[in-house]
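*Asks:* This is what each chain is made of:
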Amino acid sequence: MLAPHMAQPAFVPPSSSDFFFNPAFGSSILATKPVMLLLFSVILISVFFTFSARKAAILPSRLQFSGEIVYNFVRDGIGKDVIGEEYQRFVPFLFAIFTFVLTNNLFGVVPFMQFPTMSHIGFPVSITIFVYLVYHYVAIKKKGLGRYLKEMCFMPGVPKAVYVILAPVEFLTYFAVRPLTLAMRLFGNMFAGHLLLLLFTLGGEYMLKSALFVKFFAILSFGLAIGLSFFEMGIQCLQAYIFTLLAALYIAGALADEH
Amino acid sequence: MATNEDGAFWTIIAYLISGLGFWGGLGYVGDRFFKTDFLTIVGMGFGLGTGLYLIWIKFIKENPPR
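Chains A and B, in that order, give the protein sequences. Positions 363 to 621 (this note's numbering) are the ones given, in order, by the first sequence. Positions 221 to 286 (this note's numbering) are the ones given, in order, by the second sequence.
Don't take each hint at face value.
What the hints assert, rightly or not - The calculated lysine to aspartate or glutamate pairs, modelled on DMTMM-like cross-linking and capped at a C-alpha distance of 20 Å, are:
1. K503(A) with E447(A)
2. K281(B) with D619(A)
3. K504(A) with D619(A)
4. K505(A) with D619(A)
5. K503(A) with E448(A)
6. K505(A) with E448(A)
7. K442(A) with D619(A)
8. K505(A) with E447(A)
9. K395(A) with D380(A)
10. K278(B) with D619(A)
11. K278(B) with E513(A)
12. K281(B) with E513(A)
Bear in mind the hints are in silico, worked out from the structure with no lab data behind them. In this text, all values refer to a predicted model and were calculated from it rather than measured experimentally.
Start from the sequences, fold in the hints, and give me the full structure.
*Replies:* Structural data, given as structure tokens:
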């Protein structure tokens with residue numbers, strides 16, 4: 363009974379190398395699956411929201427309604443709640459981030475695509491750079507560089523000597539830790555989630571090819587992969603929300619008059 | 221909506237990381253410079269304390285729990 367089983371090559375667990383694809387055509391890195399998915403997401407988002415807003419009516423069609431739900435969620439749930447008074451001019455930015463990240467995350471569970479673009483760290487990093495530039499720009503424009511740094515590092519109500527200890531920590535938080543955590547969290551969640559799904563799918567496939575007794579467990583593995591896909595969907599939505607929420611919070615912090 | 225709780229959570233994490241990173245890093249540099257082996261951990265502890273102090277100022281002192 364063991365003989366055919368032993369003949370099978372050892373199971374190769376999924377690793378980070380599974381996240382790299384050969385170019386679909388040519389040899390450019392720009393022709394790989396993640397970039398293709400990214401471009402597709404832009405087309406998808408543009409088409410969806412153009413069509414949902416095209417024939418805007420008082421009594422919305424189902425398409426218009428679904429588009430408005432997403433927009434209202436970002437505008438009221440994130441923009442208005444977090445930024446407050448001046449939220450209106452940041453809504454397009456937040457809306458773009460939210461839909462972009464959400465669509466690209468959800469590609470991780472869509473059949474035939476099954477790859478969350480954001481599990482390549484370059485993509486979260488590039489969105490984070492935009493957020494980083496925006497919230498510093500907003501603050502510097504509103505307060506001026508000197509006052510911005512002063513308010514950032516020297517919070518009121520602390521003995522003067524303590525500033526020596528606190529100021530560098532505050533500075534580091536604003537300029538290094540915030541963007542780092544923003545990008546790493548999105549990347550890490552998507553990477554780990556995809557790896558988990560890969561493990562159960564590849565494991566199930568491997569067990570199917572094994573001895574009869576082992577085949578039974580393949581069902582469990584595939585079942586778990588399907589269950590985890592739904593779980594992943596939740597995570598993907600949540601991460602898109604958290605990313606946008608934190609971007610809004612940083613902007614709100616940049617606009618706030620005092621701490 | 222759990223807006224404020226979510227934001228607070230990540231602000232707290234960010235402060236703790238910066239505190240650890242800055243003062244722990246300074247301790248590490250000190251260790252390398254003075255050829256000692258305890259400054260890194262002392263710096264990390266100090267940094268963690270600093271982070272907690274900042275969190276206390278931002279979240280508890282300014283809006284005391286009702």
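*Asks:* All hints are to be evaluated individually against the structure, with a verdict given for each.
*Replies:* Results for each hint:
| no. | hint | in the structure |
| --- | --- | --- |
| 1 | K503(A) with E447(A) | holds (17 Å) |
| 2 | K281(B) with D619(A) | holds (18 Å) |
| 3 | K504(A) with D619(A) | holds (9 Å) |
| 4 | K505(A) with D619(A) | holds (9 Å) |
| 5 | K503(A) with E448(A) | holds (14 Å) |
| 6 | K505(A) with E448(A) | holds (15 Å) |
| 7 | K442(A) with D619(A) | holds (17 Å) |
| 8 | K505(A) with E447(A) | holds (17 Å) |
| 9 | K395(A) with D380(A) | holds (12 Å) |
| 10 | K278(B) with D619(A) | holds (15 Å) |
| 11 | K278(B) with E513(A) | holds (13 Å) |
| 12 | K281(B) with E513(A) | holds (17 Å) |
Violated hints are absent here; each numbered hint is respected by the structure.
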